[in-house]
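Asks: Each protein sequence line maps, in turn, to chains A and B.
Residue 65 in my numbering is what sits at position 65 of the first sequence, and the numbering runs on without skipping anything.
Residue 476 in my numbering is what sits at position 476 of the second sequence, and the numbering runs on without skipping anything.
Source of the hints: derived by calculation from the structure; they are not laboratory data.
Just so you know, nobody snuck in bad clues.
Below, in silico cross-link-like pairs of lysine-lysine (BS3-like), each with a Cα-Cα straight-line distance of 27 Å or less:
id: 1; chain 1: B; residue 1: Lys237; chain 2: A; residue 2: Lys6
id: 2; chain 1: B; residue 1: Lys668; chain 2: B; residue 2: Lys427
id: 3; chain 1: A; residue 1: Lys2; chain 2: B; residue 2: Lys525
id: 4; chain 1: B; residue 1: Lys58; chain 2: A; residue 2: Lys2
id: 5; chain 1: A; residue 1: Lys109; chain 2: B; residue 2: Lys484
id: 6; chain 1: B; residue 1: Lys58; chain 2: A; residue 2: Lys6
Here the structure is a predicted model, which is why all the values come from computation and not from measurement.
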Amino acid sequence: MKRMIKPSIPEHSDDPRVTVTLTVNGEAVSRTVSVRMLLSDFLRHELGLTGTHVGCEHGVCGCCTVHIDGKAGRSCLTLAVQANGADIRTIESVADADGALHPVQQAFKECHALQCGFCTPGMVMNIVNRFDEPGPLDLTDDGIRDMLSGNLCRCTGYINIIAAVRRAAELMGRA
Amino acid sequence: MSTRSFGARIERNIDPKLLRGEGAFVDDIPLANPLHVAFLRSPHARARITSIDVTAAKARPGVVAVYTCDDIGPLDMTMPLLIPHPSMKNPQTQRPLARGEVHYVGQTIAMVVAVDRYTAEDGAGLIDVEFEPLPVEMDMAKALKDGAPLVHATVPNNLAAHLVQVSGAPDDAFARAEHVTRITVQVDRSTAAPMECRAVAARWDAVAGELTVWDGTQAPISVRGGLASIFGLDEDKVRVIAPDVGGGFGQKVLLFYPDELLVPMAAIQLGRPVKYIEDRRENFLGSSQERTQIHSIELAAMKNGEVIGLRDSFLHDTGAFIPYGIAVAQVASTSIAGPYRIPNIWVEFKAVYTPTVQVTPYRGCGRPQACFALERAMDQLAEELGLDRFDVRRRNLVGEHQFPYEREGLLFADGLKVTLDSGQYDKALTMAAEALGAKDFAAAQAKARSEGKYLGLGLACYVEGTGLGPYEGGHVRVHPITGKVYVNTGLSTQGQGHDTVFAQIVADQMGVKPEDVIVVEGDTKAFDWGVATFASRAAVVSGNAIHKAAITVRKKTIVAAANMLEVTEDEIELRDSAAWVKGSNRFVPLAAIATASNPLRYAFNEAAQAATQFAPASRHDGPPLADGEAPGLEATEYYSPSASTWAYGVHGAIVEVDPDLCKVTIKKYICVHDCGNMINPTIVEGQVMGGIAQGIGGALYERLDYQPDGNLANASLMDFLVPYATEIPPVSVLHLETPTPLNPLGVKGVGEAGCIAVGAVVASGVEDALKSFGKIKFHHVPLTPTMISDALESVGR
Numbered sequence: 001m002k003r004m005i006k007p008s009i010p011e012h013s014d015d016p017r018v019t020v021t022l023t024v025n026g027e028a029v030s031r032t033v034s035v036r037m038l039l040s041d042f043l044r045h046e047l048g049l050t051g052t053h054v055g056c057e058h059g060v061c062g063c064c065t066v067h068i069d070g071k072a073g074r075s076c077l078t079l080a081v082q083a084n085g086a087d088i089r090t091i092e093s094v095a096d097a098d099g100a101l102h103p104v105q106q107a108f109k110e111c112h113a114l115q116c117g118f119c120t121p122g123m124v125m126n127i128v129n130r131f132d133e134p135g136p137l138d139l140t141d142d143g144i145r146d147m148l149s150g151n152l153c154r155c156t157g158y159i160n161i162i163a164a165v166r167r168a169a170e171l172m173g174r175a
Numbered sequence: 001m002s003t004r005s006f007g008a009r010i011e012r013n014i015d016p017k018l019l020r021g022e023g024a025f026v027d028d029i030p031l032a033n034p035l036h037v038a039f040l041r042s043p044h045a046r047a048r049i050t051s052i053d054v055t056a057a058k059a060r061p062g063v064v065a066v067y068t069c070d071d072i073g074p075l076d077m078t079m080p081l082l083i084p085h086p087s088m089k090n091p092q093t094q095r096p097l098a099r100g101e102v103h104y105v106g107q108t109i110a111m112v113v114a115v116d117r118y119t120a121e122d123g124a125g126l127i128d129v130e131f132e133p134l135p136v137e138m139d140m141a142k143a144l145k146d147g148a149p150l151v152h153a154t155v156p157n158n159l160a161a162h163l164v165q166v167s168g169a170p171d172d173a174f175a176r177a178e179h180v181t182r183i184t185v186q187v188d189r190s191t192a193a194p195m196e197c198r199a200v201a202a203r204w205d206a207v208a209g210e211l212t213v214w215d216g217t218q219a220p221i222s223v224r225g226g227l228a229s230i231f232g233l234d235e236d237k238v239r240v241i242a243p244d245v246g247g248g249f250g251q252k253v254l255l256f257y258p259d260e261l262l263v264p265m266a267a268i269q270l271g272r273p274v275k276y277i278e279d280r281r282e283n284f285l286g287s288s289q290e291r292t293q294i295h296s297i298e299l300a301a302m303k304n305g306e307v308i309g310l311r312d313s314f315l316h317d318t319g320a321f322i323p324y325g326i327a328v329a330q331v332a333s334t335s336i337a338g339p340y341r342i343p344n345i346w347v348e349f350k351a352v353y354t355p356t357v358q359v360t361p362y363r364g365c366g367r368p369q370a371c372f373a374l375e376r377a378m379d380q381l382a383e384e385l386g387l388d389r390f391d392v393r394r395r396n397l398v399g400e401h402q403f404p405y406e407r408e409g410l411l412f413a414d415g416l417k418v419t420l421d422s423g424q425y426d427k428a429l430t431m432a433a434e435a436l437g438a439k440d441f442a443a444a445q446a447k448a449r450s451e452g453k454y455l456g457l458g459l460a461c462y463v464e465g466t467g468l469g470p471y472e473g474g475h476v477r478v479h480p481i482t483g484k485v486y487v488n489t490g491l492s493t494q495g496q497g498h499d500t501v502f503a504q505i506v507a508d509q510m511g512v513k514p515e516d517v518i519v520v521e522g523d524t525k526a527f528d529w530g531v532a533t534f535a536s537r538a539a540v541v542s543g544n545a546i547h548k549a550a551i552t553v554r555k556k557t558i559v560a561a562a563n564m565l566e567v568t569e570d571e572i573e574l575r576d577s578a579a580w581v582k583g584s585n586r587f588v589p590l591a592a593i594a595t596a597s598n599p600l601r602y603a604f605n606e607a608a609q610a611a612t613q614f615a616p617a618s619r620h621d622g623p624p625l626a627d628g629e630a631p632g633l634e635a636t637e638y639y640s641p642s643a644s645t646w647a648y649g650v651h652g653a654i655v656e657v658d659p660d661l662c663k664v665t666i667k668k669y670i671c672v673h674d675c676g677n678m679i680n681p682t683i684v685e686g687q688v689m690g691g692i693a694q695g696i697g698g699a700l701y702e703r704l705d706y707q708p709d710g711n712l713a714n715a716s717l718m719d720f721l722v723p724y725a726t727e728i729p730p731v732s733v734l735h736l737e738t739p740t741p742l743n744p745l746g747v748k749g750v751g752e753a754g755c756i757a758v759g760a761v762v763a764s765g766v767e768d769a770l771k772s773f774g775k776i777k778f779h780h781v782p783l784t785p786t787m788i789s790d791a792l793e794s795v796g797r
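All chains, full assembly: derive it from the sequences and hints.
Replies: See below:
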């Protein structure tokens, strides 16, 4: 193919930029980004932590769920600049450093609670957060359904995910 | 082999990666300095475009390029008609960017490339387009009338296709029928809504002259062929990779979506990687949809419930374009008699252009509509004849001794007459009745009613033609270093667990653990003969091709091992990743056999060194590779099905309806299904349960709400109600395994099985629950609270 003159391409737009400093998975990070960059894009494309997925960008599907200061939250409804100073935890921190799965992840594997795996990190982050909370877990079918009610899955029909939550509780001695 | 992998509930190989967040979906692929794409889409359903001004968009800092149809050279063309059929008159297909007019809200008009997606969207918002809006008609029946507004000026009456198929002598059957039941039913428009929207990224390597495209597609080989052809590149210089794909359900195979061509074009022109990540709103507006059909169905019956004839005439909404030809309507029309003998059939459809995004197969592909029409009619027939719903069905089911059961005159999507190949239909119905507690249900229903509760039993049977041809291939190779078995096929996966089920097939032949079988698919550099993932065909077509290849490699392995161990082939068995002399402790590892089967080898590792302790793997005189011999343990085989293989099932539910809130609660849902031999029952159940959840969405919640002006009022997950866990009841999946005689593995497809019958089951159950109020009929899904309220009002409640 004929070589053409390379177009002149700017580095970035003229959006105002701001330096965002926060802790992600225990590590302090600082990046200068557009003021309107979403936290999901910041994690995925500035930090390269692409395990956090984006399914709707309007806060309904839950794929982008991360922990923000210890609470499960939607990274697609949060601006990176809003997370300045926050402590963020993503799916990449859930398994052990050697790759050994967290009990919630192990339970998903045992129960065939994932198919395409796109919603899975958000599901896992939501469930891990609920398990992190002190106090008893409601492990009735309805209780687990309620626990999962912020995350859409289009592949599994949820039944195996409900089973996985119960299995995770067993594995963690919370049943 | 001690343990058979085929048929075992084995955990999936792919899961740890996906669970750790290490999946590689298109937008996760790290690209150096990518540019980002946004599209300007039409706000009108029908309009002439009188001018497009991109000056302000181009001036926006950060915008790199803006393309309209005038800027895309040879890509300014109509897309291919994928499946031609003589029933279509002047078939219309889509263009990458609108030229002169638009045909639906959401149609792409211009593409903006910018340094980030935010800026690209800014740019799209700054494009000034002048439209002259044109009138539209959203109602199919009205759109067919003379004088109705046209979706395409060149297509009179908006009639895209018209087809009549006849089996037997339906007029005679209706003439001698003792009873005729007639109903009209409707299934509304829905969408696949995969959790990952569509996505395309492209990188052009000017030095190598190579184009690499990551496309969340179900059909990477076809996309590669199209790109090579359109860009004038050698096929070998175009690599298309479908990496991890977040669900597809049919939506991710079109050939071509605008972005699939325009993103690679921009990457070539701009010399930078370019990506387009569809957002959710765009997925609702711009990616294919399916379902709206209106059926007028008649059953000609005898008083005892035997159905001797069927007439069905239906309208099929094909959207503004018909790239897939009549596929959806054809599958609906040929599935119309379900699992019943019904020997005399007349089925007609008219496919109608509407000013909406194109209709292409969505999981089910016309079958849910056909099932809804037939099963609602069977319920109606039972009621009119005063017979039990189970009994009417049982009287008509194809018997076990009647297979293969042919429907002369009905041509399925493979171009062959419908031939139900095997099954135990009657047994499935019996199992469903038992699982539902049908015998005792009337008493339970009466008791509940005395307590003020309204319970109903819903029932529906379905068949599903699966495993469509023409062919797929399988490549199997034993790696000489690790002894692991590598497998390739031309399909791609969107979560179906191919990497595990294909591994199970190979593991049994090669005597290895499934986790030591590495399946690589969805990459044209790995394997580039084949078709795609659709029509519940992967396990059937690729599965059998891989099976054949594994048998060939097994034979080669045994010959080589027999030579190395200096015994006869009969004395060799393969297990534990090695070839053993039966009844002894003498063995040679697979890695060593693979190494010894290569005339040039270096002693990289122990396996290679071990290989030298044995006799040669090949016994012959002459050069190291004998004439006709190939190095290594490797084979490629192909499988081409002689015909589709028909899976089937029976679904049932117990529902409760609150007549005050008009709320439906599914108390219990059961599914008896038969997809032939199951490779992995856990994965089969996953497919079925996922399909049922989608079916529940279609039965109760999911309806694309097109307004009279053609605007889609609910283009978000906030307003289009995909079920959460809170909407899905407990589901029991019961298996029958009747092997098909049509392929060596005896397998049938299962991908679409779950979703087909659900609408019919739910409507049947709700109707049964409310029958004490009077003649209330539910012939339209999704079945909304408003419909229930209107129905109750109509009988004076």
